[in-house]
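Residue numbers (our numbering), protein chains in the order written: chain A, 1 to 427; chain B, 428 to 854.
Among the clues, some could well be false.
Computed list of lysine-lysine pairs in DSS-like fashion (alpha-carbon distance at most 27 Å, straight line) [what the hints assert, rightly or not]:
hint, chain 1, residue 1, chain 2, residue 2
1, B, Lys542, A, Lys100
2, B, Lys660, B, Lys621
3, A, Lys409, B, Lys527
4, B, Lys628, B, Lys616
5, B, Lys621, A, Lys94
6, B, Lys521, A, Lys115
7, B, Lys776, B, Lys828
8, A, Lys76, A, Lys118
9, A, Lys76, B, Lys503
10, B, Lys616, A, Lys10
11, B, Lys616, A, Lys94
12, A, Lys100, B, Lys810
13, A, Lys379, B, Lys731
14, B, Lys660, B, Lys613
15, B, Lys731, A, Lys383
16, A, Lys304, B, Lys437
17, B, Lys660, B, Lys521
18, B, Lys776, B, Lys806
19, B, Lys503, A, Lys383
20, B, Lys542, A, Lys94
21, A, Lys201, A, Lys118
22, B, Lys521, A, Lys10
23, A, Lys118, B, Lys456
24, A, Lys255, B, Lys776
25, B, Lys456, A, Lys349
26, A, Lys115, A, Lys207
27, B, Lys503, A, Lys115
28, B, Lys731, B, Lys503
29, A, Lys207, A, Lys186
30, B, Lys731, A, Lys10
31, A, Lys207, A, Lys118
32, A, Lys349, B, Lys828
33, B, Lys682, B, Lys456
These aren't lab readings, by the way, just hints derived from the structure by calculation.
Protein chains: 2
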Amino acid sequence: MSFISTQSYKGTRDFYPDEMRFRRWMFGKMRETALKFGFQEYDGPILESFELYAAKSGEELVNEQLYHFVDRGDRKVAIRPEMTPTLARLVAGKFNELPKPIRWFSIPNLWRYEKPQKGRLREHWQLNVDVLGGERSMADAETLYFAHELIRSFGGNAHLDMRINHRGLMDQFFGSLGLDAERAHKVTKAIDAKDKIGPEKFHQWLKDLGLGATEISQIDAFFNEGFEAIRSKFAGVAVDEMSQLFDRLQDLGLKDSCRFDPSIMRGLNYYTGTVFEIYDTHPENRRAMFGGGRYDNLLGLFGKNQLSGVGFGMGDVTLEDFLRTHALVPDFSSALDVWVGVPDRAHWKSAQEISRTLREAGLSVGVSLDEAGFGAQIKQALKLGARFVVLFGEEEWKSGKVVLKNLGKNEQTIVDAADVVRVIQTQ
Amino acid sequence: MSFISTQSYKGTRDFYPDEMRFRRWMFGKMRETALKFGFQEYDGPILESFELYAAKSGEELVNEQLYHFVDRGDRKVAIRPEMTPTLARLVAGKFNELPKPIRWFSIPNLWRYEKPQKGRLREHWQLNVDVLGGERSMADAETLYFAHELIRSFGGNAHLDMRINHRGLMDQFFGSLGLDAERAHKVTKAIDAKDKIGPEKFHQWLKDLGLGATEISQIDAFFNEGFEAIRSKFAGVAVDEMSQLFDRLQDLGLKDSCRFDPSIMRGLNYYTGTVFEIYDTHPENRRAMFGGGRYDNLLGLFGKNQLSGVGFGMGDVTLEDFLRTHALVPDFSSALDVWVGVPDRAHWKSAQEISRTLREAGLSVGVSLDEAGFGAQIKQALKLGARFVVLFGEEEWKSGKVVLKNLGKNEQTIVDAADVVRVIQTQ
Numbered sequence: 001m002s003f004i005s006t007q008s009y010k011g012t013r014d015f016y017p018d019e020m021r022f023r024r025w026m027f028g029k030m031r032e033t034a035l036k037f038g039f040q041e042y043d044g045p046i047l048e049s050f051e052l053y054a055a056k057s058g059e060e061l062v063n064e065q066l067y068h069f070v071d072r073g074d075r076k077v078a079i080r081p082e083m084t085p086t087l088a089r090l091v092a093g094k095f096n097e098l099p100k101p102i103r104w105f106s107i108p109n110l111w112r113y114e115k116p117q118k119g120r121l122r123e124h125w126q127l128n129v130d131v132l133g134g135e136r137s138m139a140d141a142e143t144l145y146f147a148h149e150l151i152r153s154f155g156g157n158a159h160l161d162m163r164i165n166h167r168g169l170m171d172q173f174f175g176s177l178g179l180d181a182e183r184a185h186k187v188t189k190a191i192d193a194k195d196k197i198g199p200e201k202f203h204q205w206l207k208d209l210g211l212g213a214t215e216i217s218q219i220d221a222f223f224n225e226g227f228e229a230i231r232s233k234f235a236g237v238a239v240d241e242m243s244q245l246f247d248r249l250q251d252l253g254l255k256d257s258c259r260f261d262p263s264i265m266r267g268l269n270y271y272t273g274t275v276f277e278i279y280d281t282h283p284e285n286r287r288a289m290f291g292g293g294r295y296d297n298l299l300g301l302f303g304k305n306q307l308s309g310v311g312f313g314m315g316d317v318t319l320e321d322f323l324r325t326h327a328l329v330p331d332f333s334s335a336l337d338v339w340v341g342v343p344d345r346a347h348w349k350s351a352q353e354i355s356r357t358l359r360e361a362g363l364s365v366g367v368s369l370d371e372a373g374f375g376a377q378i379k380q381a382l383k384l385g386a387r388f389v390v391l392f393g394e395e396e397w398k399s400g401k402v403v404l405k406n407l408g409k410n411e412q413t414i415v416d417a418a419d420v421v422r423v424i425q426t427q
Numbered sequence: 428m429s430f431i432s433t434q435s436y437k438g439t440r441d442f443y444p445d446e447m448r449f450r451r452w453m454f455g456k457m458r459e460t461a462l463k464f465g466f467q468e469y470d471g472p473i474l475e476s477f478e479l480y481a482a483k484s485g486e487e488l489v490n491e492q493l494y495h496f497v498d499r500g501d502r503k504v505a506i507r508p509e510m511t512p513t514l515a516r517l518v519a520g521k522f523n524e525l526p527k528p529i530r531w532f533s534i535p536n537l538w539r540y541e542k543p544q545k546g547r548l549r550e551h552w553q554l555n556v557d558v559l560g561g562e563r564s565m566a567d568a569e570t571l572y573f574a575h576e577l578i579r580s581f582g583g584n585a586h587l588d589m590r591i592n593h594r595g596l597m598d599q600f601f602g603s604l605g606l607d608a609e610r611a612h613k614v615t616k617a618i619d620a621k622d623k624i625g626p627e628k629f630h631q632w633l634k635d636l637g638l639g640a641t642e643i644s645q646i647d648a649f650f651n652e653g654f655e656a657i658r659s660k661f662a663g664v665a666v667d668e669m670s671q672l673f674d675r676l677q678d679l680g681l682k683d684s685c686r687f688d689p690s691i692m693r694g695l696n697y698y699t700g701t702v703f704e705i706y707d708t709h710p711e712n713r714r715a716m717f718g719g720g721r722y723d724n725l726l727g728l729f730g731k732n733q734l735s736g737v738g739f740g741m742g743d744v745t746l747e748d749f750l751r752t753h754a755l756v757p758d759f760s761s762a763l764d765v766w767v768g769v770p771d772r773a774h775w776k777s778a779q780e781i782s783r784t785l786r787e788a789g790l791s792v793g794v795s796l797d798e799a800g801f802g803a804q805i806k807q808a809l810k811l812g813a814r815f816v817v818l819f820g821e822e823e824w825k826s827g828k829v830v831l832k833n834l835g836k837n838e839q840t841i842v843d844a845a846d847v848v849r850v851i852q853t854q
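Required output: the full structure, derived from the provided sequences and hints.
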């Protein structure tokens, strides 16, 4: 017989208890901060109909990255690669009943078939935060404010760089260059790659797309002029919305963390207004941490009235990289408050009674699953990272005492059995 | 264009915020109680290799219920239908490093292709609790004790009926009837169905399997005699283990909730020792709520030394039925502590500042996303189930005051803006 591998499926992670405590802590902070901002949590099934993604998720995702198959009942189903289509389905499904504006969040696991590499896995978790309805600049500002406060809630003083653009402004700009939608889309791809490939390759790419020297110099100017110059040249709804947003971000004390950046395009097809990406300024972690934007047309797929929304998704792998870069990860090695030793069958009941009292005080307690002497019990407790050990034998028990060992301080005292909880709580 | 359906995939649930608050509360209690008992949380990816289930999960599950497909890299993968194979893979993967005994839990979502009906869905969540290693009767007793305390932690005084059997005893018994493994397996299926189909059909089934009148009367006797008679007839390891377990359950004060029941067989192939099912005694909810047992041979699949384990899985749908039957579900309609109104653009910053103070005090706060008068703000707050509304206009703000409305009591007071947190916390 050949043995089965203990490796997890390619591009996925196992969460052993240490890693799981980290994940719980990270998701707990996300949840706590989102609830404080009045966001409500939702979730949907991990399988969705294939067609939910076919319409809006973009060709690369559907053709190359989507996990999909036909079920035993001949339904074409997909494992969710992103959460926004599920959000849109839920909102459309109870469109009339749901109080608006809607502030929702979720922390789903998502799947994409990709070549695993640093920061990119086939399964990852992603905090999704969306505001549907409300005045646009208020909702946009609050979404960015929440993103900022969320990162802050993890501690430290990391300086964030929040880069903001507007799809409507880009449409105006491409229009001024005489580009139709198809060519504009191709130029967008070049802009997306601009920072990675450098100016020479960027110019060559634009030439290859048939752009002349005038247009290329207009593009260069657009990317170098700054918001004030662009505002006067491209007056209209888009720059108005951005001006209002920047004013509000200033009110929130975020002026130094936010800036206009016309190179921010975002890959997903459904963005129509504000788009943004949030960068860490630490020299070892200069990738975009996460991003999002405003979408106007998602509910139309379900035949519902439109409700403009804004949102972002923040992946757990990227956030973990950020937290480790800034040394913001606490120590998760302690798994247990107290280990209670069992000397023999006759005193098992007493050990259980002490454990019950400790649990009622809110402590996490492991009772030994073997009868063993003090030395063996302490060894077990150390392996599990327990903070305290409670030990006793016939001698201690007869006089109503137990041995309490503080493993962190390596101190041992004899205390009244009735007093263990109090003594532990004061150490 | 035809619209996309807003229905979730067949046999699955959407979790809108109300349902999600319920789920969070339920999982939170599970987690809290498991941690108090010294269990540590783990998780694995939702996709696993097909072969992980092919070996041990039972024919019906693999052939009829498993979701599986071939990925873009020609790997045969499955969506996990149960968690125990993942647990075994993780334990085998770090067999030497992990401190033993192992007390682990997980709350995964699991998938089975079944005809959706009450209590059975294609996607459900399941608390999985396992103890690997340790003295058998101590580990078995603690597992049952934990199950009992977990149900108790949800409140109420529901009386549980914990029915216990031992696979080893059943092997002895089938041996005494002269049944080989294959026929014993067929008789097992009849025993599994015994309570549902009644004695006549049960006897007919046994006859159809070729059992004679003597054997059938031996089977009837076995099921009616009680543990004391069986203990003397089938002396050996199995009844010894059961006696020790019953003694320990008595020490834990669970004597009245536990009994020997030879009809408990459990479907999964991998159980080898103690097996149990836990029933609610409420007349409207008399199905097995959940069950589990002891398994000895799971790690052998991975070429590792054996480590005997015991565990159970408790599904969220069954637990929800139990909680609703006993009216143990709290009210989850309030989504928000405070709604803060925004009178106009000039005072948006002030509304944000008040909100920040409220959040820092740990409250969940929604700031209005529209500028609107008092009436419209109160309406919004009521729709969201907020407990309080904070309102102000130029007049109040000039004198450092705000209007605080307690929506539950329908009381309205004017308070100092600096005092809002304190006033809310004392109501």
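Status of each hint after checking the structure:
{"no.": "1", "hint": "Lys542(B) to Lys100(A)", "verdict": "36 Å, violated"}
{"no.": "2", "hint": "Lys660(B) to Lys621(B)", "verdict": "23 Å, holds"}
{"no.": "3", "hint": "Lys409(A) to Lys527(B)", "verdict": "24 Å, holds"}
{"no.": "4", "hint": "Lys628(B) to Lys616(B)", "verdict": "13 Å, holds"}
{"no.": "5", "hint": "Lys621(B) to Lys94(A)", "verdict": "45 Å, violated"}
{"no.": "6", "hint": "Lys521(B) to Lys115(A)", "verdict": "26 Å, holds"}
{"no.": "7", "hint": "Lys776(B) to Lys828(B)", "verdict": "15 Å, holds"}
{"no.": "8", "hint": "Lys76(A) to Lys118(A)", "verdict": "31 Å, violated"}
{"no.": "9", "hint": "Lys76(A) to Lys503(B)", "verdict": "18 Å, holds"}
{"no.": "10", "hint": "Lys616(B) to Lys10(A)", "verdict": "38 Å, violated"}
{"no.": "11", "hint": "Lys616(B) to Lys94(A)", "verdict": "45 Å, violated"}
{"no.": "12", "hint": "Lys100(A) to Lys810(B)", "verdict": "9 Å, holds"}
{"no.": "13", "hint": "Lys379(A) to Lys731(B)", "verdict": "24 Å, holds"}
{"no.": "14", "hint": "Lys660(B) to Lys613(B)", "verdict": "24 Å, holds"}
{"no.": "15", "hint": "Lys731(B) to Lys383(A)", "verdict": "21 Å, holds"}
{"no.": "16", "hint": "Lys304(A) to Lys437(B)", "verdict": "22 Å, holds"}
{"no.": "17", "hint": "Lys660(B) to Lys521(B)", "verdict": "42 Å, violated"}
{"no.": "18", "hint": "Lys776(B) to Lys806(B)", "verdict": "22 Å, holds"}
{"no.": "19", "hint": "Lys503(B) to Lys383(A)", "verdict": "38 Å, violated"}
{"no.": "20", "hint": "Lys542(B) to Lys94(A)", "verdict": "26 Å, holds"}
{"no.": "21", "hint": "Lys201(A) to Lys118(A)", "verdict": "25 Å, holds"}
{"no.": "22", "hint": "Lys521(B) to Lys10(A)", "verdict": "18 Å, holds"}
{"no.": "23", "hint": "Lys118(A) to Lys456(B)", "verdict": "35 Å, violated"}
{"no.": "24", "hint": "Lys255(A) to Lys776(B)", "verdict": "14 Å, holds"}
{"no.": "25", "hint": "Lys456(B) to Lys349(A)", "verdict": "25 Å, holds"}
{"no.": "26", "hint": "Lys115(A) to Lys207(A)", "verdict": "31 Å, violated"}
{"no.": "27", "hint": "Lys503(B) to Lys115(A)", "verdict": "17 Å, holds"}
{"no.": "28", "hint": "Lys731(B) to Lys503(B)", "verdict": "24 Å, holds"}
{"no.": "29", "hint": "Lys207(A) to Lys186(A)", "verdict": "12 Å, holds"}
{"no.": "30", "hint": "Lys731(B) to Lys10(A)", "verdict": "22 Å, holds"}
{"no.": "31", "hint": "Lys207(A) to Lys118(A)", "verdict": "33 Å, violated"}
{"no.": "32", "hint": "Lys349(A) to Lys828(B)", "verdict": "60 Å, violated"}
{"no.": "33", "hint": "Lys682(B) to Lys456(B)", "verdict": "25 Å, holds"}
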